[in-house]
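Engineer: If you want the building blocks of each chain, they are given just below.
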Amino acid sequence: MTAQPLLEVQNLRIDLAIGNARFPAVQDVSFTIEKGETLGLVGESGCGKSITALALIGLLRPPLSLAGGTIRFNGKDIQNLSSAEMRKLRGNRISMIFQEPMTALNPLSPVGRQIAEMFVLHKGATWKEAERHAIEALASVRVPAPDRRVKDYPHQLSGGMRQRVMIAIALACGPDLLLADEPTTALDVTVQAEILDLIRELSAAKGTAVLMISHDLGLIANMCRRVGVMYAGRIVEHRAAEDIFRTPSHPYTKGLVASLPLLGARAQHGQKRLQEIEGVVPPVADFPVGCRFNPRCYAATDVCHVDDPAVTELRHGGYVRCHHHD
Amino acid sequence: MAAFLLRRTLQTLPILLAVALLIFLLFSVIPGTFASSMSDDGRSVIDAQVMERMNKEFGFNDPVHVRFGKYVAQLAQLDLGMSFRTRQPVAKVLAERMWPTFILTLASMIFAIAIGVPLGFIAALRPGSWVDTVSMVGAVSGLSLPKFWLGLMLMYLFALVLGWLPSFGYGDGGLRYLILPSIALGVAPLALLARTTRAAVLEIMNADFVRTARSKGMSERKVVQWHLARNALVIVLTTIGLQFGTVIGQAVVVEKLFAWPGLGSLLVDSVTLRDIPVVQGAILLIVLSFLVINTLVDVLCAIIDPRIKYS
Amino acid sequence: MKFRANLLIGGALFGLVVIAGLFAPLLAHTDPVMGANLMNAELPPDTEFWFGTDAQGRDIYSRVLHGARISLTVGIVSQLINTVIGVCLGLSAGYWGGWWDDFVSGLTNLMLAIPSLIFALAIMAILNPGLTSLLIALGLTNWSFTCRLARASALSLKSQGYVQAAKVLGYSDVRIMLTQLLPNMLGPIIVIGTLGMGGAVLAEASLSFLGLGIRPPYPSWGSMLSDARDQITTAPWISIFPGLAIFVTVLGLNLLGDGLRDILDPQSRTRRA
Chain A
1 MTAQPLLEVQ NLRIDLAIGN ARFPAVQDVS FTIEKGETLG LVGESGCGKS
51 ITALALIGLL RPPLSLAGGT IRFNGKDIQN LSSAEMRKLR GNRISMIFQE
101 PMTALNPLSP VGRQIAEMFV LHKGATWKEA ERHAIEALAS VRVPAPDRRV
151 KDYPHQLSGG MRQRVMIAIA LACGPDLLLA DEPTTALDVT VQAEILDLIR
201 ELSAAKGTAV LMISHDLGLI ANMCRRVGVM YAGRIVEHRA AEDIFRTPSH
251 PYTKGLVASL PLLGARAQHG QKRLQEIEGV VPPVADFPVG CRFNPRCYAA
301 TDVCHVDDPA VTELRHGGYV RCHHHD
Chain B
1 MAAFLLRRTL QTLPILLAVA LLIFLLFSVI PGTFASSMSD DGRSVIDAQV
51 MERMNKEFGF NDPVHVRFGK YVAQLAQLDL GMSFRTRQPV AKVLAERMWP
101 TFILTLASMI FAIAIGVPLG FIAALRPGSW VDTVSMVGAV SGLSLPKFWL
151 GLMLMYLFAL VLGWLPSFGY GDGGLRYLIL PSIALGVAPL ALLARTTRAA
201 VLEIMNADFV RTARSKGMSE RKVVQWHLAR NALVIVLTTI GLQFGTVIGQ
251 AVVVEKLFAW PGLGSLLVDS VTLRDIPVVQ GAILLIVLSF LVINTLVDVL
301 CAIIDPRIKY S
Chain C
1 MKFRANLLIG GALFGLVVIA GLFAPLLAHT DPVMGANLMN AELPPDTEFW
51 FGTDAQGRDI YSRVLHGARI SLTVGIVSQL INTVIGVCLG LSAGYWGGWW
101 DDFVSGLTNL MLAIPSLIFA LAIMAILNPG LTSLLIALGL TNWSFTCRLA
151 RASALSLKSQ GYVQAAKVLG YSDVRIMLTQ LLPNMLGPII VIGTLGMGGA
201 VLAEASLSFL GLGIRPPYPS WGSMLSDARD QITTAPWISI FPGLAIFVTV
251 LGLNLLGDGL RDILDPQSRT RRA
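Chains as they are written, first to last, in our numbering: chain A, 1 to 326; chain B, 1 to 311; chain C, 1 to 273.
Simulated from the structure, these hints should not be mistaken for lab results. Nothing false has been slipped in among the hints.
Away from chain B, derived, C-beta distances all over 12 Å, residues of chain A:
#1 Pro-24
#2 Asp-197
#3 Asp-286
#4 Ala-310
Straight-line alpha carbon distances no greater than 20 Å define the calculated SDA-like cross-link-like pairs of lysine to any residue that follow:
#5 Lys-70/B <-> Leu-21/B
#6 Lys-309/B <-> Leu-108/A
#7 Lys-151/A <-> His-133/A
#8 Lys-151/A <-> Ala-125/A
#9 Lys-309/B <-> Pro-110/A
#10 Lys-309/B <-> Ser-109/A
#11 Lys-88/A <-> Trp-226/B
#12 Lys-222/B <-> Leu-60/A
#13 Lys-222/B <-> Trp-127/A
#14 Lys-128/A <-> Asp-147/A
#15 Lys-309/B <-> Ser-158/A
#16 Lys-151/A <-> Ile-303/B
#17 Lys-123/A <-> Trp-226/B
#18 Lys-151/A <-> Lys-309/B
#19 Lys-309/B <-> Leu-157/A
#20 Lys-88/A <-> Glu-220/B
#21 Lys-88/A <-> Gln-225/B
Computed from the model, here is a short list of chain A residues facing chain B with C-beta under 7 Å:
#22 Ile-57
#23 Leu-59
#24 Arg-87
#25 Gly-91
#26 Asn-92
#27 Met-96
#28 Thr-103
#29 Ala-104
#30 Leu-105
#31 Asn-106
#32 Leu-108
#33 Met-118
#34 Leu-121
#35 Tyr-153
#36 His-155
For glycine and all other residues, C-beta sits at the position ideal for the given N, C-alpha and C.
Between the sequences and the hints, there should be enough to build the whole structure, so can you do that?
Structural biologist: Here it is, written out as structure tokens:
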């Protein structure tokens, strides 16, 4: 008997409505996350990684909507849950950290109160108990002098501190799954590592699985064992992190890897210059026919302009979605 | 908070002084306004001797800057001069007229806030619904209604046809006399508040922190109660403060229509009679009350929004 | 879809008023001022007098048509004056900065502290009633919103690359302001101007109603209403039609302004709801 995965996403489709037309912003996205595992999703902005996370937690808002596929969480389909049932999961079993700590917290509410809400909502705590838990939660994300900080308003805290508050909120109820959407992108480089360490450490301690979303392949490789590379609403390559670096298969992944600055031994006999992938992700309404990467792909041939490539399983695990994969 | 209040109060002083200067200059442009108007209207002709005597009495022969200096010195002692017409101190005349304007303004703002803000809220929570459509069409219509015409129509319907309410006047100062004028005056701020509230709520609805609140597993009701309402309140309060100014200004028309014995009808009468000291005093008092209300609103906003104190 | 409805209905209503104003001499049945005939006093609406007659026996329909000319003239001209003042002050203040900016900002704050109807009333107190005085009073008292907007836009635009480039090329300040800055703020300014026009029509009607604007017997909608008050019991139609005309004009302008804002200035939903 194999252990049941924590999260199973199958053929997820998210539509974007523009006027009366609907376009698939995310299509055929499937992945699983085991209990306590950290999965990475990487891609440029606009590739659909953030809205995938929003779909998992049931927070898609018009003009975006869930248009197909199944999301199975702890063995139970959650994509059709009533909003009341979904609310019991949200924040409690699945929680989320957002990119902008500046705007993600209510500017008119003390941070302690914003943490305490979690205990009132999901643990049936009184406000008084919840305030006490909030201080503990702030201490756990290593905010100094937490008993005083709880009374601070977000504008009195630095970006890194605010993101710590967000993490305290997200992990307050000890969720099974944490969705971290570019948690460090808006922060100073020096603070980034601290925040990532904090997420890694706390999720390990509580056995929380993490879906780490970033445009930064280096960061993802650091945090995750398995990585999904997204492009134009699809996972184009899904593999173990070290394989992605050693033998990238999809031309887009190769481009991403080549665009990373290399350090240490590999830098010495690697390329001299950073490579870039020319062009930008096409807007959802203008996805090209055939392979969606074909306008930017060096390996594109006639077939790529006609046929949408299917999934090919790779020998050492993982899959790729390309006519010309290695 | 006390420091903030003090700073805000000090900020309004130069504005008040500038308004006094502006109003003073405006009425100094045409020398002898009072006397010439008396002879213009053809009813009362003043001979040169009388004019000279009056000019002396009211100090019109001094140069402008001397007169302004005197004026400000008097203002500082709350001496607003003497009415050309009645020879009563302006301060006394104004004091008699303040109360009716105060309750009229207050009643129409309460009417506007009590209906406009909830309406805007409900409309924003159900965008595109019939409540939203009807209230927004109603709001733009309410903004387009001339107040005195609305007042006239209300007067016709509720006082003359139905006979429910008195058609005009202050009466004993009771509520019955207050209803029609405050509705006529309150419809426009009601409409504007409904629109502002709706726009504010819709904007905050898309804010990141509202998404965070939802991601915590909060019901929409709690999202509104715990996070949205306070943020919207800051915008709504600011609008309310600004609307007070418009309403005090517009009260002129409504007071005149309903023969309401307030500052507005005093101002109109004094303008018609060119009783300049009273006009100056009334305008200064109106501006002062507007500034006071906005300072109070700013303090309220600073209590709700801790960021304001520091900016 | 909704903005199209705003624009269409607003445009239609305002167009109706413009046509009424332009062709008033052709459309009117009688002379609006001289057409008095006491034999016809206070007649209710019928096939001959579509909107009825007033206390002097004048045809209200004809007077309402001619009233459109006054309202439109005041609305358009005074708002043009306001817009020119607001743009000149705001644009130069934002672009030049320094003491000039302080001065203009102070002046704007001063203007915002005085309710505009009160200010217009004060100006009317020293001028003689009439059209020219009204244009001055209303044209000088409602430019603060335009000024603020022009200043804010100029501030944010002046650091843009193309403006800096024009500076390097040796364009004069005035040329930069008119050719580089102004075109990029025109949308919101048109919106404020349109909404302000509605406000000016209302203000004209209010002042004329108070006897401080257009004086009887000239057919301003506001002064028609101040006459009508005395006959409200016996002849309510005298009050109804001029008021409706004001309402239709201002509603048209407000809807037009809303519709234009949705197209020209989409991000300003809360700036002035």
